[in-house]
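**Student:** Spelled out from the first residue to the last, the chains are:
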Amino acid sequence: MTTLKQLANKQWFAVLVLVIGIIIIWYIAALLMNGNQMINMLERTGQSWTYTQIFEGAYGIQRPPLPVPHQVAYELYDSIFNNAITSKRSLLYHTQITLNSTLLGFILGSLLGIIIAIGIVHNRTLDTSLMPWVIASQTVPILAIAPIVVVVLGSMNLTGILPKAIISMYLSFFPVVIGMVKGLRSADKLHTELMITYNASTQQMFWKLRWFSAQPYLFASLKIGIAAALVGAIVAELPTGAQGGLGARLLSGSYYGQTVQIWSALVMSALLGWVLITLVGLAERFILLRRGIS
Amino acid sequence: MKTLLTLLAITLLLLQSGIALFLPKGFYQGTFLLPLLLLSLFAAGYLMSRMTQIADSASQWAKPCKLAVPALFGLMILLVWEAIVRGFDVPLVLMPAPTQVFVTLGNNLPLLWADFQQTYLKAVVAGYVMGCGLGFITAKLVVRNAFLQKGLLPLGNFMASIPIIGIAPIMVMWFGFDWQSKAAVVVIMTFFPMLINTLAGLRSVDPLHADLMHTYAAGKGQIFFKNQLPQAMPFIFNALKLNSTLALIGAIVAEFFGTPIVGMGFRISAEVGRMNMDMVWATIFVAALAGSLSYGALTLLERRVTFWHPSVRSGR
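Protein chains in written order, with UniProt numbering: chain A, 1 to 294; chain B, 1 to 316.
Rather than coming from a laboratory, the hints here were simulated on the basis of the structure. Quick caveat, the model's predicted, so the values are computed rather than measured. Mixed in with the good hints, there may be bad ones.
Computed list of lysine-lysine pairs in DSS-like fashion (alpha-carbon distance at most 30 Å, straight line) [unchecked claim]:
{"id": "1", "chain 1": "B", "residue 1": "Lys140", "chain 2": "B", "residue 2": "Lys226"}
{"id": "2", "chain 1": "B", "residue 1": "Lys66", "chain 2": "A", "residue 2": "Lys189"}
{"id": "3", "chain 1": "A", "residue 1": "Lys5", "chain 2": "B", "residue 2": "Lys150"}
{"id": "4", "chain 1": "A", "residue 1": "Lys182", "chain 2": "B", "residue 2": "Lys63"}
{"id": "5", "chain 1": "B", "residue 1": "Lys140", "chain 2": "B", "residue 2": "Lys66"}
Could you put the whole structure together from the sequences, leaning on the hints where they help?
**Tutor:** Printed below as a string of structure tokens:
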């Protein structure tokens, strides 16, 4: 009894129970949705049916409205291990295309964000003139921009990774600006005053104090930024008719009613997002631990 | 001296606007007008820094200047855009000039209004209300249960990292092509931010306040409405503002996966296919306007509701 209570207090146990619960609900929902569709189909053609037949069919048909976890898992396994990485049928091939534009966009976006933040913190005019537009820029639905960016750049003979990366950049620079501005301004007042008594220049102030006070905020922003960059890369692949990438995989799955393909691409993108955020988290711990904070 | 420079800067800007708007197309090819554009950029920069100084001073012009600085910045972007597109005679397929976009906008108001109705008034509003409502109710139910909280918080964070926009094709398959499927996407996208923020808000209640309510023998409803809910309001508004842009994005993206022949996402993909970039930009303008206005309205409401909060008080 006590062990059960101890278990209930553990976070991993709570998560595990919820996940198992979700999977059970998933299987039941799949039975209801897929089974009903099968019954409708069989009755329309005037065939007779039994419950065992429906039960087996609900978890095994080719294009179910709601694929069940083991179907998705099999599709993932099949497309990863039974195809060469360079093959267009391999999900890893598409993942790597999306990953490339995500990373490029993330790097560009972070650099842009940091530069804008430094400008905003050091220049009062930039602060008042640019900051409202940085915020307003995020109310523009980026998806609206995505096809235009691709068409404009395409007509300048820039195709492939760059247009997608620019969309990722647009989505990921905003959290970096906001976090970085806050971080750069969060330097301890006592330290700032100490620097002033040392007659430190703006540059020294930046490199020896502000840059360090900004790091925890920067990493929090980078985690949001890399997730946003992934969304940007996937979305950029939608309207452009891209041949490869997880977004293209989603779109083609939607056109041909291949639900299992859609779900496996979705699971893959979730995994990718999780891995990327974890990597940023690891970098954060590595850098901040060396300074004794975490 | 300062007044002289300011006057000079204003004249330069007016001259540049005149050039951009009234000269025949292609005026940068073969003439020497390009340095003027650069000069007028410096002039705008000077004007903005002057106005920032005034805005920081105690002058009676401080408030209008504070608003004028970002406005001038935005106008400058439009001016440079207009000048470059017209000056180099950029083909319409690449980039329409802002004036052209506004003319198209004016000529197609009924069509754009129909798109706006389909995407915003039906899908976004319905999905937003349902998603935020569901998130709030779930948080209210879960906040007393430590076990569920422990499980839900990591799951919510995990969901935030998933590109939820990817569920759009599935929703279109389940709920059909009309606005219901878009609303479903919006519900799923807005649910978790609302849940996480409301939970954080409801848990942030000061224990002293809770004790005080207890000594007053307050009922459950009284504790919730007079203590927990007001404390959670800043967090809830945080999620509401975040969700207002998320919802618009979700609805527009979902329309790329199939829609009746109306809606902002449909308009964008259809007009890109026909290379009508002015119409695309007009739709973008409508979307940006809708997003900014709903964000602004929520901020105003937030100031009304959480007038006691430090972040609002210092903002005045």
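**Student:** Tell me if the straight-line CA distance from Lys140(B) to Lys66(B) falls inside 30 Å.
**Tutor:** 41 Å, violated
**Student:** Does Lys189(A) lie within 30 Å of Lys66(B) when you go C-alpha to C-alpha?
**Tutor:** 27 Å, holds
**Student:** Take the C-alpha atoms of Lys182(A) and Lys63(B), compute the straight-line distance between them, and say whether it is at most 30 Å.
**Tutor:** 24 Å, holds
**Student:** Need the status of pair Lys140(B), Lys226(B): alpha-carbon distance at most 30 Å?
**Tutor:** 15 Å, holds
**Student:** Under the criterion that the straight-line Cα-Cα distance not exceed 30 Å, is the pair Lys5(A), Lys150(B) satisfied?
**Tutor:** 14 Å, holds
In summary, the structure is inconsistent with hint 5 from the numbered list given earlier, while agreeing with all the others.
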